[in-house]
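Since chain L is already given, all that's left is putting chain X on it; use the hints.
Line by line, the protein sequences give chains L and X. Everything in the first sequence is counted per this note's numbering, starting at 205 for the first residue and increasing by one. Everything in the second sequence is counted per this note's numbering, starting at 16 for the first residue and increasing by one.
Quick caveat, the hints were computed from the structure, so don't treat them as lab data. Certain hints may be false.
What the hints assert, rightly or not - In the DSSO-like style, the derived pairs of lysine-lysine whose C-alpha atoms are separated by at most 27 Å in a straight line are:
| id | chain 1 | residue 1 | chain 2 | residue 2 |
| --- | --- | --- | --- | --- |
| 1 | X | Lys194 | L | Lys372 |
| 2 | X | Lys176 | X | Lys194 |
| 3 | L | Lys372 | L | Lys427 |
| 4 | L | Lys411 | L | Lys382 |
| 5 | L | Lys342 | X | Lys176 |
| 6 | L | Lys342 | L | Lys372 |
| 7 | L | Lys427 | L | Lys342 |
| 8 | L | Lys382 | X | Lys358 |
| 9 | L | Lys283 | L | Lys235 |
What the hints assert, rightly or not - Pairwise CB distance ranges, derived in the manner of DEER restraints:
| id | chain 1 | residue 1 | chain 2 | residue 2 | range |
| --- | --- | --- | --- | --- | --- |
| 10 | L | Gly238 | X | Pro270 | 56 to 62 Å |
| 11 | X | Ser178 | L | Ser337 | 27 to 33 Å |
| 12 | X | Ala91 | L | Asp315 | 32 to 38 Å |
| 13 | L | Lys235 | X | Trp53 | 35 to 41 Å |
| 14 | X | Arg141 | L | Asp384 | 35 to 41 Å |
Claimed, not checked - Okay, the calculated bits of chain X under chain L, using three or more residues with CB under 8 Å as the criterion:
| id | region |
| --- | --- |
| 15 | 67-76 |
| 16 | 83-91 |
| 17 | 278-288 |
| 18 | 372-383 |
No experiment lies behind these values; they were computed from the predicted model shown. A virtual CB, placed ideally from N, CA and C, is assigned to each residue, including glycine.
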Amino acid sequence: MKKKLLTAALGAAALGISAVGASAATLDDVKAKGFIQCGVSQGLPGFSNPDDQGNWTGLDVDLCRAVAAAVLGDADGVKFTPLSAKERFTALQSGEIDILSRNTTWTAGRDTALGLNFAGVNYYDGQGFMVRSSLGVKSALELSGASVCTNTGTTTELNVADYFRSNKLEYEIVAFEKADEVVAAYDAGRCDVFTTDQSGLYAQRLKLTNPDEHVVLPEIISKEPLGPVVRQGDDQWFNIVKWTNFCMINAEELGVSSGNVGEMMGSDNPAVKRLLGTEGAFGEALGLGNDWCANAVKAVGNYAEAFDRNVGPDTPLAIARGVNALWSDGGIQYAPPVR
Amino acid sequence: MAVQDAGRIDDRAGVAFFNDPRVRSWAYQLLLIAFIAWLGFVVVMNVRANLQAQNIASGWSFLNNTAGFGIIQTLAAYSEAASYGRALWIGFLNTLLVAAIGVVLATILGFIVGIARLSPNWLIARIATVYIEVIRNVPLLLQIFFWYFAALRAVPDKRSKISLFDTFHLNIAGLRGPKPIFEQGSWMIGVAIIVALVVIYFVRRWARRRQAATGQQFAMFRVGLAILIGLPLVAYFIAGMPVTIEHPVFNETGPVLRRGFELGTGFNLIPEFLALLLALVIYTAAFIGEIVRAGIMAVDKGQTEASNALGLRQNPTLRLVVVPQAMRVIIPPLISQFLNLTKNSSLAVAIAYPDLVAVGGTVLNQTGQAIEIVAIWMVVYLTISLITSMVMNWYNNAIALVER
Chain L
205 MKKKLLTAAL GAAALGISAV GASAATLDDV KAKGFIQCGV SQGLPGFSNP DDQGNWTGLD
265 VDLCRAVAAA VLGDADGVKF TPLSAKERFT ALQSGEIDIL SRNTTWTAGR DTALGLNFAG
325 VNYYDGQGFM VRSSLGVKSA LELSGASVCT NTGTTTELNV ADYFRSNKLE YEIVAFEKAD
385 EVVAAYDAGR CDVFTTDQSG LYAQRLKLTN PDEHVVLPEI ISKEPLGPVV RQGDDQWFNI
445 VKWTNFCMIN AEELGVSSGN VGEMMGSDNP AVKRLLGTEG AFGEALGLGN DWCANAVKAV
505 GNYAEAFDRN VGPDTPLAIA RGVNALWSDG GIQYAPPVR
Chain X
16 MAVQDAGRID DRAGVAFFND PRVRSWAYQL LLIAFIAWLG FVVVMNVRAN LQAQNIASGW
76 SFLNNTAGFG IIQTLAAYSE AASYGRALWI GFLNTLLVAA IGVVLATILG FIVGIARLSP
136 NWLIARIATV YIEVIRNVPL LLQIFFWYFA ALRAVPDKRS KISLFDTFHL NIAGLRGPKP
196 IFEQGSWMIG VAIIVALVVI YFVRRWARRR QAATGQQFAM FRVGLAILIG LPLVAYFIAG
256 MPVTIEHPVF NETGPVLRRG FELGTGFNLI PEFLALLLAL VIYTAAFIGE IVRAGIMAVD
316 KGQTEASNAL GLRQNPTLRL VVVPQAMRVI IPPLISQFLN LTKNSSLAVA IAYPDLVAVG
376 GTVLNQTGQA IEIVAIWMVV YLTISLITSM VMNWYNNAIA LVER
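Bound conformation, chain L alone (with noise of 0.2 Å):
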């Protein structure tokens, strides 16, 4: 933990040391780099996750990979810094990463207190219980009683500390600082319960010893809007993030696909000329080239693209669209237009 305390003095100290200016003009400084430095999970499958070559994949990645595909020509043009919870935002905060993107949910306290801004949700996820189906346990309301095993310095922490209060179930709370020994812990059977985001209750039961002896309760306890985060006090930076992130679900919207980018770049609907370029100068307004949405959807596709290929059902995760579909298929998914 040493290490840990250091990184955490040092980063307390760069925010000391470094320039009142720093947090301006990250578009200069990433250009200047030429990469984008994204901070993401140490390893969440279908979000964030290092395969056996070293190569990022997942949701959370598609995204700092289309801002740099919009912003430097280049998907590839980012590095991966891997970020525990408790780290994650003094990394942000100190300027050694230009984005997180690390299935870090949108609340109001981190919103304000942290010098920081979410920039839009790219995945609207809730809290969830994960058992062991031995148990028999059918609902979370059963679970007083229960060791649960969970991640600190995250929301999940709190939102489990107000069901269980709210509900008059006793408990107790197992909480690790890294991802991987709360699976292990769990695994050994130190906890009946495994809470955190549904989706990563997901991700994670893949990394047990036998994921099917374990079942996902119905239950969800809270909401946990999932989105990238900048450093507050850079306003163009912030809007090309949470632009990049509209381009891709109005992309889905309009049909425009990795696929067929090229085609629909001679399209008539004037709806499709503007977010790809060939009309009006939204990205000029960005500080980009106007091809800016073309070329990440070029790269990495449009959000349902992204969705299928790190989450969606041909995915081990295997998690269906729901409140994630976009607005016109019932989910809550919705960007404003691009005019």
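Then chain X, alone, in the frame of chain L:
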């Protein structure tokens, strides 16, 4: 000498004041102090300006806000509705608990290992050597993980147990045992213990003086033990037996999650605590063993022989001649081992033991006030370390050889 030299130079006529070494050394030191003070001031002001510019909350008022998270081991009253300050206090107590028990156990184990290494018995000496070499050379964090995850796999699950004398029960949720409940009137027992200690102190002083004057010995250990146990026992009965024992409740039936030990009944040492304590004790004892061996070997063989020549038998020779001299060598490095153990206890966060660093990390993440939390960590560990050093240095001075 220095004063005389300076005086002589001062007397010399015609030397400019800025060439006076005394003035110079003062001036340089003042300059250095001024520079450090300026640096500190700049850092503080810069941090404040930066935090404000980046809209990051700062200050100490967050300590009164509601924490909202649970803690698995609380030595004082705590609930989710308590404040962040209270949560940090709980974490601090947990750090103190593991450090205090760890220091005592590591010292005992360390002395045993150190003496075993010097044993004339080949097997015992070799076992001690292997223990020291293996444990000293494996990183502590790995050992903590080993004890935690190996132990978790080895013990029965939550809904079964192994019992010792039907009193202590072990399963994956921890080591459970009977818990004494102190009811009204229990304060008398505490008072009796203090009284007993005071009485023992005076009896011991009297016995020593009598031995110095007359040579008569006194069975201090037996009398002392009798006083220490007898007085509180008498107080216990006078107060009307106010201490009851609460046994942990084990449910065999009922809802599946309710089976096993009921939460909050009896006395429970959680596995995170046991694993951390075990790892810290075993790791630190290896170092202490080497210190003890060095200390004993540092006492000249002639001391033992001289003591034997004076007619002292084996036991008094060790107790009165060898150990007091060895302690002078042992204590100073022992202090650093105590400090190391305390600081190493911050590795607890890796296995979910809620110590100061673990709880502080959670608070840091919920409030984002990194500088304040890191400052609290530093001040607390510094204070614990300085107090430990102070006490041990005082003890060291008390037992130091008084040279004439």
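Hint numbers not upheld by this structure, sorted from lowest to highest: none
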